[in-house]
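J.: These are the residues of each chain, in order.
There are 2 protein chains.
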Amino acid sequence: MLSVNGARLLERINELGAIGKDEEGRRTRLAASDTEKQGRDKVVSWMKDAGLKVVVDRIGNIFGIWETEENKDKKPLMVGSHIDTVINAGQYDGCLGVIGGIEVIKTLKDAGYQSERPIVVGAFTNEEGVRYSPDMMGSLVYAGGLPVDEVLKTVGTDGTILGEELKRIGYEGTVEPGFLQPEAFVELHIEQGPIMDVEGVKIGAVENLQGIHWQRVTIEGVANHAGTTPTNLRVDAGLAAAKINVFLRELVKKSGGVATVGCIEHEPNAINVIPSKAIMTVDLRNPNKEKLDADEKTLAAYFKELEETDHVKISSERLTEFDPVPFDEGIVKKIEAAAAARGLNTRRMTSGAGQDAQMMARICPTAMIFVPSIKGISHNPKEYTPDEDCVAGANVFLDVVSEMAGVQQK
Amino acid sequence: MLSVNGARLLERINELGAIGKDEEGRRTRLAASDTEKQGRDKVVSWMKDAGLKVVVDRIGNIFGIWETEENKDKKPLMVGSHIDTVINAGQYDGCLGVIGGIEVIKTLKDAGYQSERPIVVGAFTNEEGVRYSPDMMGSLVYAGGLPVDEVLKTVGTDGTILGEELKRIGYEGTVEPGFLQPEAFVELHIEQGPIMDVEGVKIGAVENLQGIHWQRVTIEGVANHAGTTPTNLRVDAGLAAAKINVFLRELVKKSGGVATVGCIEHEPNAINVIPSKAIMTVDLRNPNKEKLDADEKTLAAYFKELEETDHVKISSERLTEFDPVPFDEGIVKKIEAAAAARGLNTRRMTSGAGQDAQMMARICPTAMIFVPSIKGISHNPKEYTPDEDCVAGANVFLDVVSEMAGVQQK
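If you read the protein sequences in the order shown, they are chains A and B.
Residue numbering for the first sequence follows full-length UniProt numbering, beginning at 1 and increasing consecutively.
Residue numbering for the second sequence follows full-length UniProt numbering, beginning at 1 and increasing consecutively.
Don't take every hint at face value.
Just so you know, same-sequence chains aren't split out, so a pair can sit in one copy or run between any two.
Below, a list of computed lysine-lysine pairs in the DSSO-like style, where the Cα atoms sit at most 27 Å apart [to be verified]: (1) K375 x K277; (2) K289 x K254; (3) K375 x K304; (4) K304 x K253; (5) K277 x K382; (6) K313 x K382; (7) K313 x K375; (8) K333 x K74; (9) K254 x K277; (10) K167 x K37.
These are calculated hints, taken from the structure and not from any lab test.
Let's have the full structure, built from the sequences with the hints guiding it.
T.: This is the structure:
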């Protein structure tokens, strides 16, 4: 059974992970920055080392293409992820999928295999969305979700313009995004959550990606003296916010989603004044669109109920709304089968985070392979996936890619 | 039946209320400030107009004393309140009690009555505690609760020293606080809460003052990704804070106290991150010490329960602890009887706010008379007590004082 070069895979993860560290050891490679350029250069050198044709599109996505005279007219199998990071990031998020993809192709090529269709590994621009909004930008543009000319004008949090920065670092390509129509897309990624670590699962077969609804909820009460106002005459915006938080948790326990009240603010926020206003965010997610919509409706009905019982006024502002993304059942089954063949236990997973794969799912059958994140830590220097889990994931990746691309020994 | 001069009472409330207004009409007379000096001068002029002997003690409390050769060796009946204000204040809080006290004595004197014991009206320094801490300072010092020499060194929020400011405005007296040992103390005051307005009650017979426990509660959870962390693996400090708020409300519904979560803060306070920390204040009040202590114990037990169920860590820091103050039942009954005799409905009341009377209760039998605050608004320019209610309160005050001091026609 062919396997990837685990030592090389791990060495490259560390090598890319060393790029963008500041004096204090904080790793940051924001999209189209100087440090990300260094990372891009490294990725391109590895693609060239594997004998791949390197193409950069107008939004800065980098593709390493393995095609031959025999298969160049067939739709390619595409794999990939991203190498941009958040501020003070870990070294696995995104990078594992790009390095793993190069490793898979290099392994196949070096072993003298041939493929029925081209295999392409992509490194998509600005997945994290820290410097330029929105996130998953490169894959979204590639899938036709946003016009490239508009997106290149995006102004960053630092006042820079994305198109100018891409040009400056030498990664403004001339090819139109979407120039290759993939037959399918597969992404290897760390879980970024604790489930596989807690359950001792080695390979996650990611069958879907949660829908995300964000809203900012404003509750208006009446500021009054905390000592002189009896309970029955209070209109306590903070208490209503607390009730919403508790209600949400019970709601998603039933629906199987997750809910988070990340931000809260009281006005006047004084110890002896009943809050006249509470502003809170609600992050509601569910892999099932019907359940997500139903939870949101139930929540809205609860707002009405609270207006009656607690005499507050509640308004809600939509901040984000992404539908859940179902992945391709056929690919998910291939991932399960490949893991089983290597004696690795698997679990169906939902991606809780956004991914390039969710954008590629717009244009072709798509799925993801997850490997564990110890303690679920991510977007943090403590992000960690054990070496053996990285290698196991890359081998399952190799097997799935081989089957889907029709790889054979010559 | 003798009655106060209602027109004069109301005119003086307006006259004192006009002092300390800035260009924008915001009324502010912070303790020992230039504007409060103007208010003090006005009060002293009214005391002198009533033929009272004016004495200022070392902490700046002003007393107007009506005594005669016949009664000067008897313990006086003392009444009074304060004329310092919060920032952007109403015109009734405190002032009604001082002006009402002067009015009661002037009414008795002008009608040719005599009194078995001296009647003293006091205007206590710095009841509000906005510029200098603590609040109820003048009455607390008068009652022996703090040493005057220490308190005079108090540094204000504006960097000034209380003793120097009192000297500057000409109200650093030479008499020791506590120089008169009162037989009893009665304070006329606005409710500062909504109960009497809502229930249509004209006279509140204040039987006690709530105990106040303040604590700052810190809940430690674990910051994690709002999307990738399943509900059963969350340690959500914000949710625990919400549960505490909801629990508190149910707790005081049973005990008859009030509870307020005025301040709250989440860390990191990001929309898609489970809060790792929540810091909240708890303001817990009850007129009954046993119930207040019991509520606090139940709350502490709930913290332990949450540590088990929600895996958070909870710590609490004591900020303030005042025991409840029971007032004198005999005086409370006199207030009820006097109101009934004038055809005014009454209600036993608990003072939700701190008062000079709570300090005077340390050294003599004490009670308070409340008149309604429309909509419970106080510490606000919209603070309002209808004219007829002010006059009604002053007349009940007159009757109670007359009975307690042994007032008779000559």
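J.: Each hint needs a verdict: does it hold in this structure or not?
T.: Taking the hints in turn, this is what the structure says about them:
Taking identical chains as interchangeable, the C-alpha atoms of K375 and K277 lie at most 27 Å apart only when they sit on different chains, with a minimum of 18 Å there against 36 Å within one chain. Taking the shortest Cα distances, K289 and K254 sit within 27 Å of each other inside one copy (15 Å), while across copies they are farther apart (42 Å). Only between protomers do K375 and K304 lie at most 27 Å apart by alpha-carbon distance; the minimum there is 25 Å, versus 39 Å within a single protomer. With identical chains, the CA atoms of K304 and K253 are at most 27 Å apart both within one copy (21 Å) and between copies (23 Å).
Proximity of K277 to K382 under the C-alpha cut-off of 27 Å is restricted to the inter-copy arrangement: shortest distance 19 Å between copies versus 38 Å within a copy. Proximity of K313 to K382 under the C-alpha cut-off of 27 Å is restricted to the inter-copy arrangement: shortest distance 22 Å between copies versus 43 Å within a copy. When the C-alpha separation of K313 and K375 is checked against a cutoff of 27 Å, the pair qualifies only between copies, where the shortest distance is 19 Å, while the shortest distance within a copy is 40 Å. Proximity of K333 to K74 under the C-alpha cut-off of 27 Å is restricted to the intra-copy arrangement: shortest distance 24 Å within a copy versus 99 Å between copies.
In this homomeric assembly, K254 and K277 come within 27 Å of each other (Cα to Cα) only across copies, at 26 Å, whereas the closest approach inside a single copy is 29 Å. For a Cα distance limit of 27 Å, the shortest separation of K167 from K37 inside one copy, 11 Å, qualifies, whereas the shortest one across copies, 70 Å, does not.
The structure agrees with every numbered hint stated previously.
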